[in-house]
Amino acid sequence: MVIIPLAAVILGCTEDLITLDEYEDNRVSQETLIDPELSWSATTYEATYGETTSFPTLNNKYGVSITYSSSSTGIATIASNGTVTLVTPGTTVITARSSATDTYESGTASYTLTVAAPSGSEMKSADLAWSANSYVAKLDSDNTFPTLGNPNGLDVTYSSSNTAVATIDSEGNVSLKSAGSTTINASSKADDTYYAGSTDYSLIVTSGEDEGSGSFIFDSTGDKTSEDDISNTTFTRMISVTWSGSGASVSGDYYGYATVSGGNVTINNTGEECIVYRLTGSSSNGSFKLYSGKKQAIMLAGLSLTNPSGAAINNQSGKRTFVMVEGSNTLNDGSSAAYSATDNEDMKAVFFSEGQLVFSGTGTLTINSNNKQGKSGIVSDDYVRFMASPTIKVTAGSSAGHGIRGKEYVQITDGTLDVSTSAAMKKGIGSDDYVLVEGGTSTITVSGGVAYDSDDSEYKGSAGIKADNYFAMTGGSVTIKNTGAGGKGISAGSYDYDNDKHTLSDSYISGGKLLITTTGSESNDVSSKGIKIGYKEASGSGRNAKYSYAGNLKISGGTVTVSVAKSEGIEAKGALTISGGEVYASSTADDAINCQGEMNVTGGYVYAFSSQNDAMDSNGNMKLSGGYVLAVTTKGNPEVALDANTESGYKLYINSGATGVAYGGLENGYSASQAVYSMSCTAGGWNALHNGSSYIAAFKVPSGVSSVAVSAPSLSKGYKGVTVGSTLCNGTWASSGLSGGNSVSLSTYSGGSQGGGPGGGRWGW
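Sequential numbering from 1 applies to the sequence shown in our numbering.
These are calculated hints, taken from the structure and not from any lab test. A portion of the hints provided could be inaccurate.
As the list claims (entries may be wrong) - Listed below are the simulated DSSO-like cross-link pairs for lysine-lysine, each with C-alpha atoms no more than 30 Å apart in a straight line:
#, residue 1, residue 2
1, K61, K124
2, K372, K513
3, K124, K177
4, K224, K319
5, K189, K224
6, K393, K536
7, K224, K124
Said to hold, decoys possible - Pairwise CB distance ranges, derived in the manner of DEER restraints:
#, residue 1, residue 2, range
8, S65, D456, 51 to 57 Å
9, T416, A341, 28 to 34 Å
10, S625, D35, 36 to 42 Å
11, T474, S750, 56 to 62 Å
12, S175, Y62, 20 to 26 Å
13, D433, K536, 19 to 25 Å
14, S65, S121, 24 to 30 Å
15, G669, S694, 22 to 28 Å
16, S336, N143, 17 to 23 Å
17, T44, T85, 14 to 20 Å
18, S750, S226, 21 to 27 Å
Cβ coordinates follow ideal geometry from the N, Cα and C atoms, glycine included.
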């Protein structure tokens, strides 16, 4: 972090220079915001004092939130609901404003209001006026406050809107109490000669020396092209909060944004600054709550904070919030935490935010969700992103909620995550849209079982990662273990009942290392799959039921290892395409790899093993056109190694360019454009395919497998007992360092032409 001297500071948020491409991206993004189109029914209006009238009405097409103001409250005031009150004859400007949101631009609309004296009236204006519209005062300093002009010598009553900041006595003398802001008002009543009068000014009370001001610039956190990279924002103030026991102290709060009650600290940033909030110290009964209309950074710098009643950090700001993790930090709630929210506010987690949460830093953060209210560890009602390179551990108890949840999405770019959840139906990481893994190291442990979801009227299980739209992985490492009944490793794609939405974006894996283990049994028709993509939607019932399926999975790179004890290893409710990478799937209860649509393998290395069902099963066509496929089932007839849905007119195609090894039979009626052979092999050992001049690849079969069906480009012979170098696909394939072994001849494969039951196929070779 770099701190620039105060002399170099320009108040407000400043951004680093951006590229032309970034500028165009920002411009397009800004153009997508909607103009709220605010307007009044008239641009000028005259009202007569003392008479009933109908004022102009505001046209608010989109129903955005409005703040009203009057340029001269001594002439007329306007309440928060838009009600205008006339004070005295004169002219003022009535304004309606809306703040910018993620959907709408900021908006403003005004009209000029003239307040006329009644016809024939001889009354006069009170003519009250302060010498200034605003004033900044310092505590413990000499201040020259605005003076009241009262030319008619009327009796005046004074008031302060926030007496905790400043008071004013009957003589007009101001006494400062604390940093903050207030409105000082002077008013007079109407009499036979003068109309009522009212005038005010804005008073900001500061804490004396502005020790929190500066220019705070942080190093890049890994994606300089993104506004999520903290280095693209300059902060102009640091407010430090230190907890000790049951109390807390605040420094750098020049404008009095902070309120402290015991260990509970509330910040209300009503200014225009981007602020860094540095949180440190320890308390077993404290909290930090933040309101702000600007983006900000929360720096956790050796903080141990427990809130027995609810969220330890409750960010009510809808703006981007950078979370800098430095040193060792811990956040806890209590087992009896009620999580009682104020008004309509949400409070869904130990660390909750209305806006985006972007984590970075070099320290550690441990979050323990101990409550019995189903509240989670980390939740944003926008998105959550993890960048370089903190270590974050989240543990959610047996009656608590999810580990991490981002409503819009969760993006893991870097860092180390360790997430554990144990409540039924809860997820380690979840989103209403997508989960994207780009880097970092994530370990997710889930043990919760199945529970009834009253919102969707169905039973649901837990999951390591749950994305209602799609899951994507381009890098990094993710390890998931789910021991819960009906628990899944990754579940992506849900039917959107609220919007009657059938379409899903494709889930994809193009890089990284993914390791999934599930061991739970089926419960209430909820099964414990390794990877489940998409959904099945039923219309009708019984024999008349019809089903629609959605959810495609594309694997083009990376390493995927899935081991499942009680259900399918990998299942796509739509199509499954493997064009690269390494895919290992093992199930001791059901299909190792399954899809409802077409299954295509055009590249990469695949190993599929099932001891109780098909190794690879497609309800559409199955096409092997490239890559390396080793499929093994030890179940026996009618299950087969490679199964396509011939009953509905689909086929297994072994096309030129594919390298395939199968034990347990091929689908009846398959079509092959290159020769398929039977080959004896070394059970539990390494065997190789040879094209007459060089090895094609080597494969390792399980114990008990002594003969396989093989097919490969220019295949001429096989080898038993070969020596291999580095291995692929969890030690089942090898393509380099191949040597030795004993040559074996190949014979024409005769299976796959006779049926043996549902799914066709033939057991044995």
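Right, here's what the structure says about each hint:
Only pairs whose Cα atoms come within 30 Å are accepted, and K61 paired with K124 is rejected, the gap being roughly 41 Å. About 35 Å separates the Cα atoms of K372 and K513, which puts this hinted pair outside 30 Å; it is violated. Between K124 and K177, the direct Cα distance comes to roughly 37 Å. Violation of the 30 Å bound is thereby established for this hinted pair. As the CA atoms of K224 and K319 are separated by approximately 19 Å, the hinted pair is consistent with the 30 Å bound.
Taking the CA atoms of K189 and K224, the gap is near 61 Å; set against the 30 Å cutoff, the hint is violated. A hinted pair counts as satisfied when its Cα atoms are at most 30 Å apart, and K393 with K536 does not qualify at roughly 34 Å. Annotation: proposed proximity of K224 to K124 is violated, straight-line Cα distance about 64 Å (limit 30 Å). Checked against the hint of 51 to 57 Å, the pair S65 and D456 fails, with Cβ atoms roughly 31 Å apart.
Taken as a hint, the range 28 to 34 Å holds for the pair T416 and A341, whose Cβ atoms sit roughly 32 Å apart. For the hinted restraint 36 to 42 Å between S625 and D35, the CB-CB distance of approximately 52 Å leaves it violated. Between T474 and S750 the Cβ separation comes to about 44 Å, which falls outside the hinted range of 56 to 62 Å. At roughly 45 Å, the beta-carbon separation of S175 and Y62 lies outside the given 20 to 26 Å, and the hint is violated.
At about 21 Å, the CB distance of D433 to K536 agrees with the hint of 19 to 25 Å. Here the CB-CB span from S65 to S121 is close to 39 Å, at odds with the stated 24 to 30 Å. Checked against the given bound of 22 to 28 Å, the beta carbons of G669 and S694, roughly 33 Å apart, lie outside it. The supplied range of 17 to 23 Å is broken by S336 and N143, whose beta-carbon atoms lie about 48 Å from each other.
Remark: the range hint 14 to 20 Å for T44 to T85 is upheld by a beta-carbon distance near 19 Å. Taken as a hint, the range 21 to 27 Å is violated for the pair S750 and S226, whose Cβ atoms sit roughly 59 Å apart.
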